[in-house]
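Engineer: Following the numbering used here, the numbering of the sequence shown begins with 2 at its first residue and continues without gaps.
Think of the hints as simulated: they come from the structure by calculation, not from any bench.
Any given hint could turn out to be false.
What follows is a set of in silico ranges between Cβ atoms, one per label pair, in the way DEER data are often shown [to be verified]: (1) 118 / 164: 19 to 25 Å; (2) 46 / 100: 25 to 31 Å; (3) 20 / 104: 15 to 21 Å; (4) 50 / 132: 16 to 22 Å; (5) 162 / 87: 31 to 37 Å; (6) 58 / 21: 15 to 21 Å; (7) 28 / 85: 28 to 34 Å; (8) 25 / 164: 23 to 29 Å; (9) 42 / 162: 17 to 23 Å; (10) 71 / 25: 29 to 35 Å; (11) 30 / 56: 29 to 35 Å; (12) 103 / 49: 36 to 42 Å; (13) 155 / 124: 32 to 38 Å; (14) 49 / 165: 27 to 33 Å.
Every residue, glycine too, gets a C-beta built ideally from N, C-alpha and C.
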Amino acid sequence: MNKSNPDKYPTVAVLTVSDRSALGLRKDLSGPAVVQSIHSLTGWDCTEIDIVSDDVNEISAKLSSWADDDKINLIITTGGTGMSIRDVTPEATLTVIEREAPGLMEAVRAASLSITPYAMLSRAVAGIRGHSLIINLPGNPKAVNEALTVLATALPHALDLISDHHTNSQHHSRKPEIDSE
């Protein structure tokens with residue numbers, strides 16, 4: 002899944018989580034920021050884009066639907082990761098994923114702390130459902146780009162690891178020594 006082989010591009014879906022954008026009261030800026038950033042950093046296009054309100058059931062239903070379709074490799078949410086009472090994207094994501102991938106968001110928070118001390122307030126999570134990687138990003142377009150810049154180098158390998166196309170030879174940088182005795 003790399004830029005040099007377009008047939009191997011993963012399918013990407015973007016879900017904006019925002020009450021006001023879902024109601025049409027505010028233009029969604031973070032969803033388009035994800036689409037633009039993921040394309041400029043990886044060459045990948047987003048095949049699905051949607052907006053839902055800050056509601057655990059709505060968020061989890063959309064995430065489950067996309068992941069269970071088995072055609073979406075990467076699902077990126079934007080918004081709802083802070084500490085306000087309506088920020089429930091991490092809770093919704095945790096009800097959907099089968100395995101957590103904490104290192105992804107740990108890397109984003111660590112890198113973001115050099116930009117703003119408020120990065121430590123993020124509750125974003127990442128995890129795997131089936132063959133889909135689900136990642137929560139903040140709702141700020143600038144923060145979206147910063148987070149995806151951190152994640153971009155690891156995403157192709159992460160998606161390869163959870164796909165059916167992965168083999169152990171792709172994972173290990175060297176062959177294990179075999180004792181011949």
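Engineer: All hints, please: hold or fail.
Structural biologist: We went through each hint and held it up to the structure:
Here the CB-CB span from residue 118 to residue 164 is close to 37 Å, at odds with the stated 19 to 25 Å. Taking 25 to 31 Å as the suggested C-beta distance range, the pair residue 46 and residue 100 conforms, at roughly 26 Å. At roughly 31 Å, the beta-carbon separation of residue 20 and residue 104 lies outside the given 15 to 21 Å, and the hint is violated. The hinted window of 16 to 22 Å between residue 50 and residue 132 holds, with their beta carbons roughly 20 Å apart.
Between residue 162 and residue 87 the CB atoms are about 34 Å apart, so this pair conforms to the stated range of 31 to 37 Å. Judged by the Cβ atoms, the range 15 to 21 Å given for residue 58 and residue 21 holds: they are separated by roughly 19 Å. A beta carbon spacing of about 20 Å between residue 28 and residue 85 contradicts the range 28 to 34 Å that was offered as a hint. A C-beta distance of roughly 37 Å is found between residue 25 and residue 164, which places it outside the suggested range of 23 to 29 Å.
In this structure, residue 42 and residue 162 meet the distance hint of 17 to 23 Å, their C-beta atoms being roughly 19 Å apart. With their beta carbons about 31 Å apart, residue 71 and residue 25 fall inside the hinted range of 29 to 35 Å. Against the hinted window of 29 to 35 Å, the Cβ-Cβ separation of residue 30 and residue 56 comes to about 20 Å, which falls outside the hint. For residue 103 and residue 49, the Cβ-Cβ distance of about 25 Å falls outside the hinted range of 36 to 42 Å, so the restraint is violated.
Here the CB-CB span from residue 155 to residue 124 is close to 21 Å, at odds with the stated 32 to 38 Å. Checked against the hint of 27 to 33 Å, the pair residue 49 and residue 165 fails, with Cβ atoms roughly 21 Å apart.
In summary, the structure is inconsistent with hints 1, 3, 7, 8, 11, 12, 13, 14 from the numbered list given earlier, while agreeing with the others.
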